[in-house]
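J.: What follows is each chain in one-letter form.
4 protein chains.
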Amino acid sequence: MAATKPRTYQPEKTRASIIKAGLKLFGAKGYHGSSVGDIAKAAGITKGAYYHHFQTKEELLLLIHQEYADYQLKAMQAVLTEDDTSSEQLRALIRCIVEAVGRYRPNVTIFFQERRYLTKKYMARATAERDQLEAAFQAVIERGITSGEFRKDLDSRVTCLGIIGMCAWTYQWYSDDGRMSAIEVADNFSTLVLDGLVA
Amino acid sequence: MAATKPRTYQPEKTRASIIKAGLKLFGAKGYHGSSVGDIAKAAGITKGAYYHHFQTKEELLLLIHQEYADYQLKAMQAVLTEDDTSSEQLRALIRCIVEAVGRYRPNVTIFFQERRYLTKKYMARATAERDQLEAAFQAVIERGITSGEFRKDLDSRVTCLGIIGMCAWTYQWYSDDGRMSAIEVADNFSTLVLDGLVA
Amino acid sequence: MAATKPRTYQPEKTRASIIKAGLKLFGAKGYHGSSVGDIAKAAGITKGAYYHHFQTKEELLLLIHQEYADYQLKAMQAVLTEDDTSSEQLRALIRCIVEAVGRYRPNVTIFFQERRYLTKKYMARATAERDQLEAAFQAVIERGITSGEFRKDLDSRVTCLGIIGMCAWTYQWYSDDGRMSAIEVADNFSTLVLDGLVA
Amino acid sequence: MAATKPRTYQPEKTRASIIKAGLKLFGAKGYHGSSVGDIAKAAGITKGAYYHHFQTKEELLLLIHQEYADYQLKAMQAVLTEDDTSSEQLRALIRCIVEAVGRYRPNVTIFFQERRYLTKKYMARATAERDQLEAAFQAVIERGITSGEFRKDLDSRVTCLGIIGMCAWTYQWYSDDGRMSAIEVADNFSTLVLDGLVA
DNA sequence: AATGAATGAGGGTTCATTCAT
DNA sequence: GATGAATGAACCCTCATTCAT
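Protein chains in written order, with our numbering: chain W, 1 to 199; chain S, 1 to 199; chain P, 1 to 199; chain X, 1 to 199.
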């Protein structure tokens with residue numbers, strides 16, 4: 001008699017294993033390169049079970065973004081309550097973003113590359129979170145300009161998007177291989193944009 | 001005998017219309033969101049005809065990248081032959097990248113978001129081109145550091161990738177709506193990373 | 001100790017609510033258009049609970065037919081025990097069918113349209129009941145012909161199926177909206193087939 | 001070397017074989033009981049080929065209805081142009097319907113039992129055709145009543161739907177097994193509703 | 001060069017049903 | 001009696017690609 005695999009009833013564990021599998025597969029082969037079947041198999045369950053926990057494939061994609069976005073927004077709010085100089089706030093913000101991107105790199109990679117496939121309903125939620133981040137960033141820069149701490153001859157929006165780009169782009173190349181911590185990278189960026197490259 | 005309308009064969013025109021359709025559709029709905037049928041219809045031909053001009057769907061994706069990459073590399077080489085200060089060279093390089101990204105934004109968008117689906121053969125070519133760009137960039141920065149024109153306390157690789165990220169990221173937000181030219185954006189970036197934000 | 005709200009077990013009530021939900025859903029969206037999950041939700045229970053009360057989805061379909069068939073057969077038997085003229089008997093039979101179809105319209109609709117999906121076992125029971133009805137009908141007509149009350153130049157089987165069809169078809173259009181009672185419709189039919197349309 | 005089945009390029013033949021297969025399978029196992037795969041296999045093609053000829057599974061269902069409806073409406077119009085007594089017109093109409101139902105019995109069976117699953121877009125077309133048929137029928141009856149040829153004490157709508165039901169119901173039982181032609185059945189019906197059963 | 005019929009492999013999703021809890 | 005997690009088979013449909021015409 002063949003031994004039948006016993007069913008395990010641990011819904012939370014199952015959900016977690018699906019998310020983990022999604023992160024791994026989406027990260028490795030992309031959203032369209034990974035089928036729900038692939039994900040289910042990697043999670044050690046059946047396709048049917050996947051659909052017991054998620055409504056659609058897309059829902060998993062959004063969840064992966066949310067995991068990062070939640071962390072990012074919370075971390076930012078913690079930084080912004082402090083009453084520092086604009087330079088210090090910007091430095092903190094840059095650290096905060098680079099660190100979050102480094103920590104959630106698979107999530108970020110997946111999201112940046114696949115977000116266009118989100119349907120409207122899901123997209124709206126994701127966009128709102130990006131907007132919050134940009135707004136916070138720009139506020140810090142404009143406060144610095146107004147207070148005279150930052151130079152006035154630069155466009156605040158362009159500067160803001162430039163710095164965010166610099167930080168976000170780390171998802172393309174940064175890996176915590178011990179050579180350099182996310183904080184070190186962030187501080188390098190901060191010096192660069194605050195004091196400039198010229199000796 | 002009635003005059004028969006002669007069928008006009010214009011292979012180059014057909015090819016061009018396919019590329020145009022690919023750019024439009026890939027840009028709007030993504031590589032996986034656009035079927036070969038969609039592309040053919042948008043190009044005013046049949047699916048069969050598509051396969052007369054391209055071997056696979058992927059080939060079109062690569063071609064779209066190449067169009068941008070070719071322009072980018074040529075523009076860069078034109079800039080680098082000049083014998084300027086490192087600051088001037090960096091400023092020129094930044095202009096060159098931002099301008100190219102602005103001009104080929106659909107191509108860039110598509111490539112950054114879909115490159116993971118390229119098969120190895122194609123991927124190799126694309127990666128080689130990216131590497132060339134990064135190498136040129138880093139060379140300029142390192143020359144500046146060596147000559148004493150740039151500060152020595154920043155990591156050249158991180159700085160290089162930071163600036164490239166800042167420039168590349170414009171594909172996410174820049175649109176030539178008249179408010180600001182690509183050159184102006186580039187110069188904003190240059191001032192930011194050369195002289196710093198602090199007043 | 002706080003008084004715990006005692007769970008009330010009312011199996012019959014649950015069964016009834018399932019049947020009610022099945023009637024509503026099958027009627028509105030068809031047998032295949034309504035999932036067991038839909039039915040359970042409409043009945044205010046879980047899918048698991050459904051399977052405590054019914055073995056399969058099909059069982060509910062049969063039960064819905066039975067509810068109507070039982071009523072129909074009983075009503076017919078009540079009518080046929082009376083010792084009237086054939087005309088009166090036919091008139092009573094027509095009333096009886098139209099009234100039953102009107103009363104159990106959802107059941108009838110469902111059954112006529114979905115019976116083909118019954119498996120053999122269930123189908124046999126359902127067919128037997130239809131046969132009984134047809135037999136009773138035909139007996140009345142043949143008795144009328146034999147006794148000379150009805151004309152002899154019509155085929156008794158065709159006539160029988162024609163009248164049954166006329167009555168059964170009301171499931172397609174009759175709704176008790178007050179404009180006309182089932183009895184009135186039935187009597188209209190009776191006059192039509194007994195006395196004819198010609199003035 | 002295995003012999004490869006050569007592709008045959010006869011689109012019309014393929015379409016016809018799909019329709020034939022659909023008629024057979026829908027008739028035997030119902031719309032929901034027959035998968036597109038089943039139909040394709042029965043038609044000797046692949047699922048992909050099915051979708052080359054039809055947009056959806058539903059489209060085949062509608063087509064099956066259309067085939068019957070087109071015939072029915074055309075036949076009716078041919079009958080109604082004649083300038084006969086109302087009795088003759090009704091008799092002709094009944095023949096026309098019974099004959100059409102007999103000829104297209106599989107189509108009719110399928111349609112009556114599955115029409116509820118048509119989506120709105122398709123349903124609208126089908127309903128319009130049913131309405132035309134009913135309207136023509138009722139017009140004949142009302143003209144007969146007005147002219148004094150038919151009795152005035154019957155509701156024209158109920159009478160109309162009753163006769164249509166009688167005719168339509170034949171799809172449930174009539175088969176041209178030689179014992180009785182559709183015309184004979186129709187004339188039996190005509191005598192029944194025109195002159196009545198009473199001797 | 002061009003067509004469009006045909007292929008065949010999957011893709012996402014649904015669903016009746018089972019079973020550990 | 002009741003729950004809901006899990007199954008597994010099927011289903012409709014899409015799509016890159018091939019090939020006879």
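Warning: the hint list may mix true and false statements.
Which copy is meant is left open, so a pair is good if it fits within one copy or across any two.
[Claimed, not checked] No farther apart than 25 Å at their CA atoms in a straight line, the calculated lysine-lysine pairs in the PhoX-like style are these:
(1) K41 / K57
(2) K24 / K47
(3) K13 / K47
(4) K152 / K29
(5) K20 / K121
(6) K74 / K41
(7) K74 / K121
(8) K41 / K152
(9) K152 / K74
Don't read these hints as lab results, they were simulated from the structure.
J.: So, against the hints stated earlier in the document, which numbers end up violated here?
T.: Structure breaks hints 4, 6, 8 and 9.
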